[in-house]
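Please take these sequences and the hints and turn them into a complete structure.
So the protein lines, in turn, are chains A and B.
Under this note's numbering, the first residue of the first sequence carries the number 1, and numbering increases by one thereafter.
Under this note's numbering, the first residue of the second sequence carries the number 1001, and numbering increases by one thereafter.
Keep in mind that the hints are not guaranteed to be accurate.
[Said to hold, decoys possible] Here chain A is said to cover these stretches of chain B; the calculated rule only asks that three of the stretch's residues, wherever they fall, bring their Cβ under 8 Å from a Cβ of chain A:
#1 1030-1042
#2 1045-1055
[Said to hold, decoys possible] Keeping only pairs whose Cα atoms sit at most 25 Å apart, straight-line, the calculated BS3-like set for lysine-lysine is:
#3 K232/A - K1041/B
#4 K1038/B - K232/A
#5 K1204/B - K171/A
#6 K1116/B - K1204/B
#7 K1041/B - K249/A
#8 K249/A - K1038/B
#9 K1636/B - K1116/B
#10 K150/A - K96/A
#11 K1167/B - K1157/B
#12 K1041/B - K96/A
#13 K96/A - K1167/B
The hints are simulated quantities; they were obtained by calculation from the structure and are not laboratory data.
Here the structure is a predicted model, which means the values were calculated and not measured.
Ideal Cβ positions, reconstructed from N, Cα and C, are used throughout, including at glycine.
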Amino acid sequence: MSEQNAYLRPDVLARITKLGLRAQRVVEGTISGLHKSPMHGLSVEFADYRQYTAGDDLKRLDWRVYARTNRHFIKEFEEETNLRATLVLDASASMKYGRGAMTKFDYAATLCASMAHMLIKQGDAVGLAVFDQQQRELLRPSGTGSQLAKIVHTLETTQPDRETDVGSVLKELAHRLNRRGLLMIVSDLLCDLDLFYHGLGRLQHQGHEIIVFQVLDRDEIELPFQDTVLFKDLEGDEQLFAEPWAFRKAYQEAMGEFIGEVQRRCRFCGIDHVLLHSDDDLSLALSHYLHRRQRIAGIGRGGRMSSLTGGGGGGGGAATPSVPARASTDTEADA
Amino acid sequence: MGFLNPFILLGLALASVPIIIHLLYRRRFLRVDWAPMKYLKLTMRSNRRRLRLEQLLLLLLRTMIIVMLVMAVARPTVQATGAGSWLAGGNRVSRIVVIDDSLSMGYQADGPPAFKRAVEATQTLVATLGSQDSVTLLRTSAPADPLVRDVHLDDDKPLLDALGSLKVSHTASDWPRTLKALDPYLDSATFPIREITIVTDLRKHGWNAEVTELAKAWADDRVAVRIVNVGASETDNVSLDAMDQETPIALVGAPVTLRIKVRNHTAATISDAQATLTVDEQTNTLKLPDLPAGEVTEVTHSITLREPGQHRVRLDLSKDRLDEDNTRWLTIDVRDKLSIMLVDGEPSAEPFQSETDFLLLAFSVGRVPWHVTRVIDAEWMANTYEAPDVLVLANVADAGTRRKQLEKLVREGTGLMVFPGPLVDPESYNRSMVAGETELLPGTLGQTIDEPVTGVVVEALPDSPLTLLADVAPEALARVQTKRVLDVKVPDDQNQTVRVLARWNDPQQRPAILERRVGRGKVLMWTVTADKQWSDWPIDPTYVLAVREAALSIARRSEHVAGVVAGQPLSLTVSSDETPTRPTVTTPDGDAPVPVTVEGTQLRHADTARAGIYAMNWQTPTGADAVRLFHVNPDKAESDLEPIDRNELLGLFAPVDVGIVDYTGTAVSLSGQGKEIWRTLAMALMTMVMVETVFAWWVGRER
Chain A
1 MSEQNAYLRP DVLARITKLG LRAQRVVEGT ISGLHKSPMH GLSVEFADYR
51 QYTAGDDLKR LDWRVYARTN RHFIKEFEEE TNLRATLVLD ASASMKYGRG
101 AMTKFDYAAT LCASMAHMLI KQGDAVGLAV FDQQQRELLR PSGTGSQLAK
151 IVHTLETTQP DRETDVGSVL KELAHRLNRR GLLMIVSDLL CDLDLFYHGL
201 GRLQHQGHEI IVFQVLDRDE IELPFQDTVL FKDLEGDEQL FAEPWAFRKA
251 YQEAMGEFIG EVQRRCRFCG IDHVLLHSDD DLSLALSHYL HRRQRIAGIG
301 RGGRMSSLTG GGGGGGGAAT PSVPARASTD TEADA
Chain B
1001 MGFLNPFILL GLALASVPII IHLLYRRRFL RVDWAPMKYL KLTMRSNRRR
1051 LRLEQLLLLL LRTMIIVMLV MAVARPTVQA TGAGSWLAGG NRVSRIVVID
1101 DSLSMGYQAD GPPAFKRAVE ATQTLVATLG SQDSVTLLRT SAPADPLVRD
1151 VHLDDDKPLL DALGSLKVSH TASDWPRTLK ALDPYLDSAT FPIREITIVT
1201 DLRKHGWNAE VTELAKAWAD DRVAVRIVNV GASETDNVSL DAMDQETPIA
1251 LVGAPVTLRI KVRNHTAATI SDAQATLTVD EQTNTLKLPD LPAGEVTEVT
1301 HSITLREPGQ HRVRLDLSKD RLDEDNTRWL TIDVRDKLSI MLVDGEPSAE
1351 PFQSETDFLL LAFSVGRVPW HVTRVIDAEW MANTYEAPDV LVLANVADAG
1401 TRRKQLEKLV REGTGLMVFP GPLVDPESYN RSMVAGETEL LPGTLGQTID
1451 EPVTGVVVEA LPDSPLTLLA DVAPEALARV QTKRVLDVKV PDDQNQTVRV
1501 LARWNDPQQR PAILERRVGR GKVLMWTVTA DKQWSDWPID PTYVLAVREA
1551 ALSIARRSEH VAGVVAGQPL SLTVSSDETP TRPTVTTPDG DAPVPVTVEG
1601 TQLRHADTAR AGIYAMNWQT PTGADAVRLF HVNPDKAESD LEPIDRNELL
1651 GLFAPVDVGI VDYTGTAVSL SGQGKEIWRT LAMALMTMVM VETVFAWWVG
1701 RER
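Spelled out as structure tokens, the structure:
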């Protein structure tokens, strides 16, 4: 792979390009495409019936219904449009961790490049937002051929650093993304979760569809170390001396609780949550997710994140309420 | 707590090894840059106290294992009381209990006698012993004959009964000898912890610096010593220190003088004291003079015995706090005659012209049964005579030809008296009776000195036969005149077998009478003739006394030693052709006769702890019963009841740390140096190793 295409891996692209990504919420676009648009028009996809009113085009009158019911109904079809997707990539210092072939950031960047490539190939507009404590880069969604190159360049020139503040970043994004679209947040979510949930709620309130890709290293979940370890905080100066075997299970339980809580939150709010391990085969993981997404297309989602965080915006310090269990639409890459 | 191998405690430094390993282990760690610190901290915070406690416990456990291992190897001991007793558990002690049964232990102050208290204290000790310890119990009077040796008292009643039947002896304490006798018991002790308990009255007599040498060896062997004091602080006592036969040879009908010594150990003079003298079965009361405080009073008393043979004499003082030293015994061997043979070298038919006329007269006066035989030198040379008690050679020219016979006689006890004269050739005498392996005469004969000398000076010597003469008639001796004397050169005698009893009052102070001990007999050499040829002494009345006392002093004595101090063995030598049959000894306590040890021609009886008259009986080859009496008297040293200072006693035992316990009539603690607890430590060590193994696994498991 050339230097320019460090995050564009052919095996990943080959596996996901044919699958495509279909928006499950209505999105606003300018051209006809794969995705449902709020503007009904000529289309093969049936949308609804409505009472005939004077002035309606008689071509759209459903004569079969008139024959059965003796009433006049106009048949409406959904108009397909292109998708405006934004990849939101966490470039904080915590993403530098990785003892295997790739760091979490490498894995996340590859994921972003792959998704951008797939979306542009299917004619959708893709943007990229890179953040740590604040938004570092923002490439507005575009479906042009040069957009992919811009995104890859941005990914390659980004070095993970500083602490994470995803809450304020999502708040800023909500201000800057006026049109509804798809937001794919790629992060380890090792941040203030209350602020993160608030940010999600605000974005949901604006009508965005959200997918959360949570990228974690398997070490961070399993704490596999057999030696005494001096842990140094990647986003601070704190150091901890510990013998991991003495509390490994407790740690694994704590991490399981953390991931489970995020999953339950997202599930309740109709947000796809995809847990990815940095040593997972990304092509398989994305393929699995996209297949799954196609299967469950059309299943309605429930609440909004804002209903769980106590309001549509702000309130970052509020306590996180518990989330009731619900039928899963979550995806785990290795499930 | 003490340690049998204290130097091993240096190994306690190893206890720091687990700590060092722990610290080194903390220096080896993996550095990891970590993202989910929040959850790591959250987990550690909830587990930190438990983790620290586990680590601390594990470290403590490992350190304790090393400490206990080192301590177990150092073999700690604890006082066997309270927790120490519980810790000591199954450890065992070899206990040696020494009961002082010396004469002073009979002292009775306000309570019971010290010996009775000693027995009580020992019984208390024995009763508290279990069967786990081994016990050796002995008395100071017979340390080689313990009551029990290295036994485990499953049933202590026989020993307690044996203790109750013990009696105080009349022996003296000799602590170095007694304690030295403990070495075999210490060497053969069953258990490594050995403890000596001495039950005594803490009197000073018997303790000396020799104890310190033993104590040093004991300290090296980790032997513990404890002293139980049963004595009283009072020291008042009146003792009969001696009753001796002053008259050298007791003859039938002749008075025998007894010299009696009484010591008053009190602070006041004792008046009107009396003593009871028992001779055979006859008892008389002796009125004693005033007995000054702190002094020894000597009394003489004469008795006359009418029958030949051995007679029993016993003298008793009035009872006091220490009754054991108020009685003394004596056996007197009374002869029916004293045989004297005079060999006359210059006989004469004229009165007082013969060489031995004056001697015959001196030995024949009085009623005393002296049996005097006179022969001329030719007869003596030609015949063999029964050995006399005293043989006198007066101016015998060729005495040297009978040298071997003379030497044999003297060696076997006959007294030999030699007078010079004109017929005596000094050179011939010197060749035959001075030269050779055994010098018979007390000096080398020189030339006759023809110088008149006036006066004889008696030397102040102990046991000199002339002492009485010097006391009775010193002025008469000063008048003795000589015309001629034989010069005798006194040898440089290293063995002090020769002494000059009297000297002539001349400038050279030439010897007048010399004495030499040869074997069991004595030889007296006079330097003037036995007649008045060389001096006028034979016609002086002092001459009679001089030659009689001289004859008595050298006369043959009884072969056997009849008197010993309590504790010393009795010994009797019989002739080689008189093999004794069934020899036994009857003790003063009236017990059944006990067999006597026969060693060749010698009969021995060792157990004389009790004073009194012992009778050794046997049958002669002809079937006749024979008996010999012995008197055994208390050791007078024990009558001095001065107590020993405790610090002095502790100093004697240095470096052994001795505990002194005063017996108050109640229980006596057995706690001495203590018991070993290595067994308990070993058990605890094994338990801790197992606990450490399980705990380390538990701490190190996945959690």
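Here's how the hints hold up against the structure:
1. With 13 residues having a beta carbon nearer than 8 Å to a beta carbon of chain A, the segment 1030-1042 of chain B meets the requirement of three or more and the stated coverage holds.
2. For a cut-off of 8 Å, the count of residues in the segment 1045-1055 of chain B with a CB near a CB of chain A stands at 4, and the three-residue condition holds.
3. Only pairs whose Cα atoms come within 25 Å are accepted, and K232/A paired with K1041/B is accepted, the gap being roughly 11 Å.
4. Between K1038/B and K232/A the CA atoms are separated by roughly 12 Å; this keeps the pair inside 25 Å, and the hint holds.
5. A C-alpha spacing of about 108 Å is found between K1204/B and K171/A, which places the hinted pair above 25 Å, so the restraint is violated.
6. Between K1116/B and K1204/B the alpha-carbon distance is near 20 Å, which keeps this suggested pair within the 25 Å criterion.
7. Distance check on the hinted pair: K1041/B and K249/A sit about 14 Å apart at the alpha-carbon level, within 25 Å; holds.
8. Simply put, K249/A and K1038/B have alpha-carbon atoms about 16 Å apart, close enough for the 25 Å limit, and the pair holds.
9. The suggested pairing of K1636/B with K1116/B holds, with an alpha-carbon distance near 21 Å, which does not exceed 25 Å.
10. Proximity of K150/A to K96/A is assessed by CA-CA distance (about 22 Å); at most 25 Å being required, the pair is judged to hold.
11. The suggested pairing of K1167/B with K1157/B holds, with an alpha-carbon distance near 18 Å, which does not exceed 25 Å.
12. At roughly 20 Å between alpha-carbon atoms, K1041/B and K96/A fall within 25 Å of each other, so this suggested pair holds.
13. For the hint linking K96/A to K1167/B, the alpha-carbon distance of about 101 Å lies beyond 25 Å, and the restraint is violated.
In the structure shown, a violation is registered for the earlier hints numbered 5 and 13, in ascending order.
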